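Using the sequences and the hints, build the whole thing.
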Amino acid sequence: MVLRTLAIAAAFSGAVVAAAQAESWTYTDGSGQTVTLDAVPQRIIASQDAAAGLIPLGIRPVGIYADSPVAEAKALEGLDLAGIEIIGQAWGEVDIEKAAALEPDLIIAEWWNRNAVWSGGENVVATLSQIAPITGVSAGDSIVGMIEDYEVLAQSLGADLAAPAIAQNKTAFETAVADFKAAVASKPGLTALAVYAGDDALYVADPAGAAELLDMQSWGLDIVKPQGVDATGNNYFETVSWENADRYQADLILVDNRAESTMATALAQPTWTLMKAAEAGQVAEWPAFWLRNYKAYAGALTDLTAAINAADPDLTP
Amino acid sequence: MTIVQATTIAAVRRSRQSHATRVTFGLLAALLAAAIAAMLLGDFAVPPETVLQSLFSPLTGIANKGVDFIVLQVRLPRLVLALLSGAAFGLSGIIFQTLLRNPLASPDIIGIAHGASAAAVFCIIVLGWGGLSVSLGAFAGAVLTAIAIYLLAWRNGVTAYRVVLIGIGAAAMLSAVISYLFTRARLNEVQQAMAWLVGSLNAAQPADSIVLAITMVVILPALFVLVRGLDGLELGDDTAHALGTHVEHTRLGLMLVAVALAAFATAAVGPVGFVAFVSGPIARRLMGGAGRGFPQAALVGALVMLVSDLVAQHALPSTQLPTGVVTGAFGATFLLWLLVVSGRSGRVN
Amino acid sequence: MEASVVEARASRAAALGLGLLLLAAALIAVILLSMATGARAIPVDMVWSALTAFDPNSTEHRIVWDLRLPRTLVGVLVGLALGLSGAVLQGATRNPLADPSILGINSGAALFVVLGVSVFGITQLGFYVWLAFIGAGVAMLVVYSVASLGREGATPIKLALAGAAMTAIMLAVINAILLTSPRTLDEVRFWQVGSLAGRSMDIALQVSPFIAIGAALALMSARLLDGLSMGDDVARALGQRIGLSRALAGLAAVILAGAAVAAAGPIAFVGLTIPHVARAITGPGYRWILPYSMLMAPILLLGADIIGRVIAPPGEVQVGIVTAFIGAPFFIALVRRRKLAAL
Numbered sequence: 000m001v002l003r004t005l006a007i008a009a010a011f012s013g014a015v016v017a018a019a020q021a022e023s024w025t026y027t028d029g030s031g032q033t034v035t036l037d038a039v040p041q042r043i044i045a046s047q048d049a050a051a052g053l054i055p056l057g058i059r060p061v062g063i064y065a066d067s068p069v070a071e072a073k074a075l076e077g078l079d080l081a082g083i084e085i086i087g088q089a090w091g092e093v094d095i096e097k098a099a100a101l102e103p104d105l106i107i108a109e110w111w112n113r114n115a116v117w118s119g120g121e122n123v124v125a126t127l128s129q130i131a132p133i134t135g136v137s138a139g140d141s142i143v144g145m146i147e148d149y150e151v152l153a154q155s156l157g158a159d160l161a162a163p164a165i166a167q168n169k170t171a172f173e174t175a176v177a178d179f180k181a182a183v184a185s186k187p188g189l190t191a192l193a194v195y196a197g198d199d200a201l202y203v204a205d206p207a208g209a210a211e212l213l214d215m216q217s218w219g220l221d222i223v224k225p226q227g228v229d230a231t232g233n234n235y236f237e238t239v240s241w242e243n244a245d246r247y248q249a250d251l252i253l254v255d256n257r258a259e260s261t262m263a264t265a266l267a268q269p270t271w272t273l274m275k276a277a278e279a280g281q282v283a284e285w286p287a288f289w290l291r292n293y294k295a296y297a298g299a300l301t302d303l304t305a306a307i308n309a310a311d312p313d314l315t316p
Numbered sequence: 000m001t002i003v004q005a006t007t008i009a010a011v012r013r014s015r016q017s018h019a020t021r022v023t024f025g026l027l028a029a030l031l032a033a034a035i036a037a038m039l040l041g042d043f044a045v046p047p048e049t050v051l052q053s054l055f056s057p058l059t060g061i062a063n064k065g066v067d068f069i070v071l072q073v074r075l076p077r078l079v080l081a082l083l084s085g086a087a088f089g090l091s092g093i094i095f096q097t098l099l100r101n102p103l104a105s106p107d108i109i110g111i112a113h114g115a116s117a118a119a120v121f122c123i124i125v126l127g128w129g130g131l132s133v134s135l136g137a138f139a140g141a142v143l144t145a146i147a148i149y150l151l152a153w154r155n156g157v158t159a160y161r162v163v164l165i166g167i168g169a170a171a172m173l174s175a176v177i178s179y180l181f182t183r184a185r186l187n188e189v190q191q192a193m194a195w196l197v198g199s200l201n202a203a204q205p206a207d208s209i210v211l212a213i214t215m216v217v218i219l220p221a222l223f224v225l226v227r228g229l230d231g232l233e234l235g236d237d238t239a240h241a242l243g244t245h246v247e248h249t250r251l252g253l254m255l256v257a258v259a260l261a262a263f264a265t266a267a268v269g270p271v272g273f274v275a276f277v278s279g280p281i282a283r284r285l286m287g288g289a290g291r292g293f294p295q296a297a298l299v300g301a302l303v304m305l306v307s308d309l310v311a312q313h314a315l316p317s318t319q320l321p322t323g324v325v326t327g328a329f330g331a332t333f334l335l336w337l338l339v340v341s342g343r344s345g346r347v348n
Numbered sequence: 000m001e002a003s004v005v006e007a008r009a010s011r012a013a014a015l016g017l018g019l020l021l022l023a024a025a026l027i028a029v030i031l032l033s034m035a036t037g038a039r040a041i042p043v044d045m046v047w048s049a050l051t052a053f054d055p056n057s058t059e060h061r062i063v064w065d066l067r068l069p070r071t072l073v074g075v076l077v078g079l080a081l082g083l084s085g086a087v088l089q090g091a092t093r094n095p096l097a098d099p100s101i102l103g104i105n106s107g108a109a110l111f112v113v114l115g116v117s118v119f120g121i122t123q124l125g126f127y128v129w130l131a132f133i134g135a136g137v138a139m140l141v142v143y144s145v146a147s148l149g150r151e152g153a154t155p156i157k158l159a160l161a162g163a164a165m166t167a168i169m170l171a172v173i174n175a176i177l178l179t180s181p182r183t184l185d186e187v188r189f190w191q192v193g194s195l196a197g198r199s200m201d202i203a204l205q206v207s208p209f210i211a212i213g214a215a216l217a218l219m220s221a222r223l224l225d226g227l228s229m230g231d232d233v234a235r236a237l238g239q240r241i242g243l244s245r246a247l248a249g250l251a252a253v254i255l256a257g258a259a260v261a262a263a264g265p266i267a268f269v270g271l272t273i274p275h276v277a278r279a280i281t282g283p284g285y286r287w288i289l290p291y292s293m294l295m296a297p298i299l300l301l302g303a304d305i306i307g308r309v310i311a312p313p314g315e316v317q318v319g320i321v322t323a324f325i326g327a328p329f330f331i332a333l334v335r336r337r338k339l340a341a342l
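Residue numbers (numbering that gives the first Met the number 0), protein chains in the order written: chain A, 0 to 316; chain B, 0 to 348; chain C, 0 to 342.
In case anyone wonders, no lab produced these hints; they're calculated from the structure.
Keep in mind it's a predicted model, so treat the numbers as computed, not measured.
Glycine included, each C-beta is placed from N, C-alpha and C at the ideal position.
Any given hint might turn out to be false.
Claimed, not checked - Capping the alpha-carbon separation at 20 Å, the derived lysine to any residue pairs in SDA-like fashion look like this:
no., chain 1, residue 1, chain 2, residue 2
1, A, Lys275, C, Ser57
2, B, Lys64, A, Glu102
3, A, Lys180, A, Ser141
4, A, Lys97, B, Val66
5, A, Lys275, C, Asp54
6, A, Lys275, C, Arg39
7, A, Lys169, A, Glu147
8, A, Lys73, B, Glu188
9, B, Lys64, A, Glu147
10, A, Lys97, B, Met38
11, A, Lys97, B, Phe68
12, A, Lys73, B, Asn187
13, B, Lys64, A, Asp104
14, B, Lys64, A, Asp37
Unchecked claim - Computed footprint of chain A on chain B; a stretch qualifies when at least three of its residues, placed anywhere within it, have a C-beta under 8 Å from a C-beta of chain A:
no., region
15, 39 to 48
16, 68 to 74
Written out as structure tokens, the structure reads:
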């Protein structure tokens with residue numbers, strides 16, 4: 000697929016530009032648009048998620064725009080950001096002059112198919128795409144698939160995926176997946192429930208809306224699908240009053256960990272323990288929506304594997 | 000005796016006029032200085048002569064791609080939008096304050112801005128819109144709110160008293176709507192809505208300025224005509240009636256103008272707070288009774304907006320603040336200043 | 000003649016006393032309704048057995064005991080505080096439009112809570128209360144001073160405008176903080192709307208001493224408010240210390256409003272509407288207006304909360320929204336009346 004695009008792009012640029020350089024770079028992004036540049040882009044501005052996907056593969060952007068203060072951005076946790084200019088730390092805000100001063104060759108964001116928008120907000124995209132073309136992978140139905148897309152993108156940008164540190168992360172991830180599958184297989188009948196806990200209500204996630212939950216399902220984990228999801232407006236949660244916290248029972252509860260406070264909110268609810276798994280302490284963190292690289296994914300899987308191994312799979316029929 | 004009187008009156012009038020002229024030129028000079036600063040300052044370093052060269056590049060044809068982008072596509076649209084929206088807010092504010100005879104009665108206090116905000120938040124969170132459609136929604140929200148306030152305040156005519164208080168009631172209710180929508184949405188939508196609510200020039204596009212400029216060109220002549228009817232109005236409703244002025248017509252016309260100005264400006268830059276609120280009182284103080292101060296309020300509004308935006312961009316080295324944060328802080332300071340100054344003189348306006 | 004006046008006064012007092020009893024009965028009915036209403040259908044007899052013979056193994060009993068009882072209790076406390084606070088404010092300022100939300104007191108409290116959460120990382124409700132008090136007090140002082148400027152003094156319209164301006168400024172600062180910190184935004188957005196949902200017994204216990212003190216102060220100030228209602232000159236001639244009376248009443252109002260905001264977030268219009276309804280029933284005289292407000296406000300607040308619980312399943316509409324939609328039309332109707340009753 001990529002090879003074909005490359006071939007088409009090469010033919011195209013060869014036809015139009017007489018002096019097409021062999022070095023020319025082309026990439027077809029998640030929205031189906033193809034970006035072609037005269038040379039492999041060196042100076043990249045990345046959204047926080049794209050940065051989380053690319054930095055561990057050895058592609059260091061010159062600038063990052065985040066949705067929140069970088070310290071609070073879960074996706075960037077544990078990454079070395081030294082020397083990278085932060086050009087935005089609030090949703091929809093980016094310093095255009097700083098961005099221009101970085102003289103980027105390319106902007107990399109993520110394409111959200113469901114809303115048909117680039118990540119980061121319309122204003123940011125409109126502003127940044129004036130200085131350089133914008134491209135990126137599609138936020139798909141599998142985090143593994145997205146990481147593989149990032150590998151393709153990084154490779155085209157000159158990354159050496161065979162470098163020991165990078166290859167090692169991938170091997171560690173594969174081990175973590177194998178351990179996870181083994182743990183799930185050793186607990187037949189174990190069910191899991193992914194939730195976000197708010198002060199107003201409990202929100203039960205439909206795994207169809209979260210790429211990492213779909214991955215885990217494909218590795219054998221039985222995740223409860225809520226019945227009352229209102230799918231309009233890209234909603235993949237069912238709102239459940241705390242009075243009905245026992246509507247869905249499972250052996251393991253996964254709590255959205257984008258904000259630390261969510262777990263605290265959950266534990267503070269008097270009816271939290273109406274769920275048998277909560278009562279039994281079979282609660283783990285759900286790395287909701289933010290995983291973009293093997294290292295973070297392996298870490299999250301290891302924690303989940305431990306929780307599964309410790310869980311009693313027969314709390315619920 | 001009559002001759003003496005006439006000459007004295009003429010002298011007073013002349014001195015008032017020259018004071019007004021001095022104030023106007025002073026404000027224009029300050030605006031010019033701020034505009035120059037806005038064109039020169041930025042994280043992307045451009046020497047002054049290059050800025051000048053870039054400004055004239057459409058004429059001279061001497062292009063410098065990177066610099067031209069910063070000067071012509073980033074700084075210039077932002078400057079123009081700040082000037083236009085600031086002037087629109089300032090004018091809208093002083094019209095409301097004059098009509099309602101209270102220096103605190105500006106569109107961002109009596110519900111107009113709240114209507115625009117609630118509509119915009121609804122568009123973002125419930126309808127999932129972005130960009131221009133949100134601006135249109137905000138515009139509709141401002142206009143509908145203004146109409147509703149006017150109709151609710153109507154009872155054998157409209158009094159300033161009822162417009163202000165009903166506007167405040169509407170503002171409280173619309174704020175509740177915004178808070179409710181915030182709890183019904185996902186966090187990133189709330190963030191998007193919040194960014195719009197604070198108001199910012201960060202995403203200034205040439206199209207915003209063009210729309211606003213056309214609005215001003217259409218509205219200003221109407222305003223000029225209507226302002227002549229104001230002399231009767233300021234005497235108070237009863238006196239104005241006695242004088243036979245078409246009180247309601249003039250008032251309605253002026254309110255339409257003020258609402259349109261506020262709505263267009265809000266649609267372009269968001270409900271940047273307190274520019275409308277502070278411009279009128281500042282202009283009047285500068286004028287010191289030498290005229291109604293409408294043009295001066297527009298200039299003050301533009302100046303407040305431009306300087307606030309400069310501060311927002313350059314005050315903190317690491318982050319750009321939204322413009323509305325700075326104008327909000329400015330509004331708070333102004334209110335306290337009003338408190339101190341009026342405490343001394345015993346007058347609010 | 001003399002005797003008939005005394006008789007009439009006694010019978011009026013008896014009627015009003017009876018009215019208080021009826022209100023108390025209505026409040027108890029609403030409390031029971033609140034205990035019986037929720038997302039989960041629990042039969043009334045089971046609610047009753049949960050209260051009388053609690054069985055920790057019964058899910059329904061736990062829901063009644065852990066969720067509905069604290070929520071109802073907080074509702075009663077907050078309603079009582081808002082009603083009294085509004086009545087006292089209207090009396091002390093002699094202003095029919097005085098209300099903790101219109102005067103910007105709620106938003107002052109809200110700003111300090113948001114500052115506490117974002118700048119100092121405070122998440123414990125015990126501190127919310129203190130922050131809310133300081134914020135409420137500061138806002139009230141500033142608003143009252145701004146409105147008192149000028150010759151006519153603090154007229155209703157000037158107070159309302161100063162309060163609205165204060166609210167707008169507080170809101171600008173709050174928004175600025177929330178914009179740069181999604182974490183605080185996420186924490187605060189559910190609090191900011193004014194809600195009784197998820198309030199635990201701890202919250203009720205923490206604010207109840209403050210509300211008790213505030214209520215005691217408010218009820219004690221009834222005589223002072225009656226004095227003030229005759230006008231400053233008359234009150235002064237009768238030997239009342241005007242400044243002290245206002246300060247005492249203001250303190251009561253700030254304690255009550257601050258505690259209410261700390262427990263439930265900023266809830267608008269309850270403090271505005273209830274005293275007017277109370278006054279319409281009792282006539283002037285704060286000895287009756289205050290206890291009536293104190294009983295009627297919780298009925299309104301709990302009633303609004305019950306409506307909010309059932310109106311939009313599976314979600315809830317927060318009580319602050321419901322009261323705004325009940326209160327704002329009332330406010331507008333009040334303003335449209337030809338002449339506002341001078342207080």
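Hint check:
1. A:Lys275 x C:Ser57: With a Cα-Cα distance of about 14 Å, the restraint between A:Lys275 and C:Ser57 holds, given a limit of 20 Å.
2. B:Lys64 x A:Glu102: With Cα atoms ~11 Å apart, B:Lys64 and A:Glu102 stay inside 20 Å; holds.
3. A:Lys180 x A:Ser141: With a Cα-Cα distance of about 16 Å, the restraint between A:Lys180 and A:Ser141 holds, given a limit of 20 Å.
4. A:Lys97 x B:Val66: Judged against 20 Å, a Cα distance of about 13 Å means the pair holds.
5. A:Lys275 x C:Asp54: holds, 18 Å
6. A:Lys275 x C:Arg39: Given pair A:Lys275, C:Arg39 holds - Cα atoms ~18 Å apart, limit 20 Å.
7. A:Lys169 x A:Glu147: holds, 11 Å
8. A:Lys73 x B:Glu188: Answer holds: A:Lys73 to B:Glu188 is near 18 Å, not above 20 Å.
9. B:Lys64 x A:Glu147: With Cα atoms ~36 Å apart, B:Lys64 and A:Glu147 exceed 20 Å; violated.
10. A:Lys97 x B:Met38: holds, 15 Å
11. A:Lys97 x B:Phe68: It holds: about 13 Å lies between the C-alpha atoms, which stays within 20 Å.
12. A:Lys73 x B:Asn187: Holds, at roughly 14 Å.
13. B:Lys64 x A:Asp104: Given that 20 Å is the threshold and the Cα spacing comes to 14 Å, the pair holds.
14. B:Lys64 x A:Asp37: holds, 17 Å
15. 39 to 48: Check passed, 4 qualifying residues.
16. 68 to 74: holds (count 4)
In this structure, the one hint that does not hold is number 9.
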